[in-house]
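S.K.: As a plain string of letters, each chain reads:
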Amino acid sequence: MDARTAEPLLEISGLKTYFKTDDGTVRAVDGVDLAIGRGEVLGVVGESGCGKSVTAHTVLKLIQMPPGKINDGRILWQGRDLVPLDLEEMRKIRSKEIAIIFQEPMTSLNPVYTVGEQIAEVVREHEHASRREALDRAVEMLRLVQIPTPERRVHDYPHQFSGGMRQRVMIAMALSCNPKLLIADEPTTALDVTIQAQILDLLGEMKERFGMAIMLITHDMGVVAETAQRVVVMYAGRVVEEASVEELFDRPLHPYTQGLIRSIPRVDRAADQRARLEAISGTVPSLLDPPPGCRFAARCKFATAACTQAAPDLREVEPGHKVACILY
Amino acid sequence: MAGSTRASPIVEPATGVPIAVAAPRRHVTPGREAWRRFRRHRLAVLSAGILMTMIVAVVFGPLIWRVPINEIDFAAMLESPSWAHPLGTDDLGQDLLARMMYGGRISLAVGLAAMTMAVVVGTLVGAVAGVSRGRVDAGLMWLTDLFLSLPQLPLLLLIIYLFRDSLKEVAGPEMGTFVLIVVVIGGFRWMPVARLVRAQFFSLRERDFVEAARALGASTLRQVVRHILPNALGPVIVAGTIDVAAAIIAESTLSFLGLGFPPDIPTWGRILYDAKDYLDVAPHWALFAGGAIFLAVLSINYIGDGLRDALDPRRVM
Amino acid sequence: MTQPLLRVNDLVKNFALKGGILGRIVDEVHAVDQVSFDLSAGETLGLVGESGSGKSTTGRCILRLIEPTAGEIWFEGRDIVKLDAKELGALRRDMQIIFQDPYASLNPRMTVGAIVGEALIIHGLAKSRRAIEERVVELLETVGLGADHMRRYPHEFSGGQRQRIGIARALAVSPKLIVCDEPVSALDVSIQAQVINLLEDLQKEFGLTYLFIAHDLSVVEHICTRVAVMYLGRLVEIASSRDLYTRPLHPYTEALLSAVPVPAPRAKRQRIRLEGEVPNPINPPTGCHFHARCPIRQLPLCSTEKPQLKRAADGHWVACHLRG
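Residue numbers (this note's numbering), protein chains in the order written: chain F, 817 to 1144; chain B, 6 to 322; chain U, 440 to 763.
Worth double-checking, as some hints may not be accurate.
Claimed, not checked - Some but not every residue of chain U turned toward chain B, in silico, with C-beta under 8 angstroms:
(1) Leu504
(2) Ile536
(3) Phe538
(4) Ala543
(5) Ser544
(6) Leu545
(7) Arg548
(8) Ala558
(9) Ile561
(10) His562
(11) Tyr592
Stated by the list, open to error - Each computed EDC-like pair below joins lysine to aspartate or glutamate, with the alpha-carbon atoms no more than 20 angstroms apart:
(12) Lys707/U with Glu1021/F
(13) Lys832/F with Asp849/F
(14) Lys836/F with Asp314/B
(15) Lys457/U with Glu211/B
(16) Lys707/U with Asp1084/F
(17) Lys643/U with Glu1094/F
None of these hints come from the bench; they were simulated from the model. Since the model is a prediction, treat every value here as computed from it, not as a measurement. Just so it is clear, CB atoms sit at the ideal spot from N, CA and C, and this is done for glycine as well.
One chain only, chain F, in its complex shape:
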């Protein structure tokens, strides 16, 4: 929390990313505010289509434009707005300052180059290093992410690695230029639980070592609870709640957050405490014609007529706890 007293590393305000489709404009991200302090682990949770991934991809301008477009908002990276930057300037920031890892590492690794060549390429893109030095760095990075016999594996191709090992390679590549922020977009969703645990541990260790901030995007409340310090909950393109992880799970304020937490079956509760799950009825509203008021109103138990009038702002109701709901 002390990280928030200083100037944040990344500060997103009023961000709107829209996509033009045949049916109309999809408001994938519709006014998102969030900030990450130095060395902080921020969890961004929400269900598919809530805009969490689009937000992250917008930060690095990895959105295909068109059909995508940043319609409004600012992305302040250490005080500098990234929105007006062109691709050339963005490239200098990618990997070097902000790196990203994806859910399915196979699609982000080029199958025809060895992993060593790919890591070395990232290094050489941003630093003056000879091929030899860059390859040495690749070996060192692979060792750091605990890939056995890195001197040998550096010459292997992506398909020769298992899913968990590939994610390690991705992490090695992302960290090879010592970024200040790592965006991890569902990094463990495609992995088995025991492998997921390994990768989450690894991310924690890497954070200790490199001191970078992590923006962890996930749909898994458990992963957030065990990894993040602060959490942003997104719903239908907007932030509905933001709090420290303990606060969020102890006293969730937004009805959506409450519903989300209650709808998860818990392995840590005794089996005989089993009760019927509290499902949130209905489905996520369309982002094509979002309802004017609170986007959760149609599924909300506490909704009143006022909820459908105007969208509630994200307000700090308690120190460090923000919520966008008229109940507070």
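Take the given structure of chain F and dock chains B and U to it, following the hints.
M.R.: What follows is chains B and U alone, placed relative to chain F:
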């Protein structure tokens, strides 16, 4: 929730990681959805318009332009386009517009018929191979490879040379040649379709919805007819359109080599063949015939492009 | 002692890997290796394990969507491995499956009505078009959809709704056993809960028996009465849901449970970290399949002797040399 229906179109960012964005869908059938996507392909829509115009022209044109195709008029030899002969005349003073329309009927009919044959044979072979696997599959694929490795043009010429006369006797010169050419062209173009269908079957039969049908107790025939085939046909239709173009070219080639239809029956290829000796004095003659072939083939290829976009199974899913 | 609805005895499934121009069998994937368990009518047995554990293959063998290599599968007193095509057709009315991916499990070219009604036509369960339609509407309403959805196509529905359609299709034949193959793992959390609740309601209403295949241990714990844990083709532990989660015996089960992230940030749990990854099922390790990653292994015993499933407590079975 019962009233709300939505699907997730995939918006792919530059990284290739799909991001699902919820969007509503009106109640549309897959067919109408495909038409909607086809319409977005402007060149394909334009091409479809051109092809339709050509078909209408060759089918109904002769009913309006009632000049006979074989009226010889030595007074009007090799004339350039005029009001009396909008497309000019040939070396015998025959009206080219009439001949072009008549020839278009044959050329387009050959194209469509040969395509139909290629698609039907190919689908049959591919489907049987795809369903049976094992020995039958290996045998059929061996046959397909064999056909693919045959030198087609020489063989085509040989077959036509050998069978043309006997078929003419049975079915008359026009019908006999038509059947022969369609069978020969179609018979050499089914292999890609067969391979395509087999590959589709192999991937589709592993799909959950086919497995679900199997779990429900659906017979193999039902699985194929209701579940696999309808989902395999998209790429086949695309391949089929390209086959129409290829068949038109093949017919033109044969006619150009003098092995297609007899001289008194004009097809576009035949007209081009006859025109080649007069390129310097009557360029319009070759130009109209060549232009018609060019335009038809180009249009069909663009329609194929449009259909590929419209029927792409990844988008239909 | 009543007879179980389903009894699986030493089920084995090897997939042949063919190679070379002659298509000879060059290798075998040992997907399921001598798996045995019982399933009583009305209960829900969870089958958990990570990818490559053989849990899905086991489910498909039971439905005979995949032909088992060896073993017996007794369903209501008949060994269904020996059934001929006609008897198998009739068996399809008793056993059904619900798939993981709601986007892949529905034929995109059929209307929802045709998808749900197909089984009625195949088995002649409705006499007329009208009767089929009525039954389809009834089924759709059972799963929380409506008659107006009948003429729509799958792509018009969300993931959760599609899963409901898949469930309606399975219910059409009024089955006794439903193999649920990861039925909620492709769904969002809030939708997951809806589908889990639906499955529980349907079980009560129709007296269904579920074989619930999943990798998500929290979901399994919630819905299952008993749980069987698989690792690399073998069953390593089977116990009542409560026993397994409170007193896991097999070191793999322990590690698996401790690896599940829990939505309680204040809980400081001791995570058992497993080294390495699941080995290749083409060449599984000798002895106990888990020995290479096991934190409590004793060599050479664990690397040479295959542990048999033995009874550790009432209804609690474990395959470990050192536990139970």
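S.K.: Now tell me, hint by hint, if it's right for this structure.
M.R.: To see whether the hints hold, each was checked on the structure:
1. Leu504: Hint on Leu504/U: holds, closest Cβ of chain B at ~6 angstroms, below 8 angstroms.
2. Ile536: holds (5 angstroms)
3. Phe538: holds (5 angstroms)
4. Ala543: holds (4 angstroms)
5. Ser544: It holds, given that the least Cβ distance between Ser544/U and chain B is near 4 angstroms, below 8 angstroms.
6. Leu545: holds (6 angstroms)
7. Arg548: holds (4 angstroms)
8. Ala558: holds (4 angstroms)
9. Ile561: holds (5 angstroms)
10. His562: OK, holds: His562/U within 8 angstroms of chain B, min 6 angstroms.
11. Tyr592: holds (6 angstroms)
12. Lys707/U with Glu1021/F: With Cα atoms ~17 angstroms apart, Lys707/U and Glu1021/F stay inside 20 angstroms; holds.
13. Lys832/F with Asp849/F: holds (10 angstroms)
14. Lys836/F with Asp314/B: At roughly 18 angstroms apart (the allowed maximum being 20 angstroms), Asp314/B and Lys836/F satisfy the hint.
15. Lys457/U with Glu211/B: It holds: about 18 angstroms lies between the C-alpha atoms, which stays within 20 angstroms.
16. Lys707/U with Asp1084/F: The given pair, whose Cα atoms are some 12 angstroms apart, holds under the 20 angstroms limit.
17. Lys643/U with Glu1094/F: With a Cα-Cα distance of about 18 angstroms, the restraint between Lys643/U and Glu1094/F holds, given a limit of 20 angstroms.
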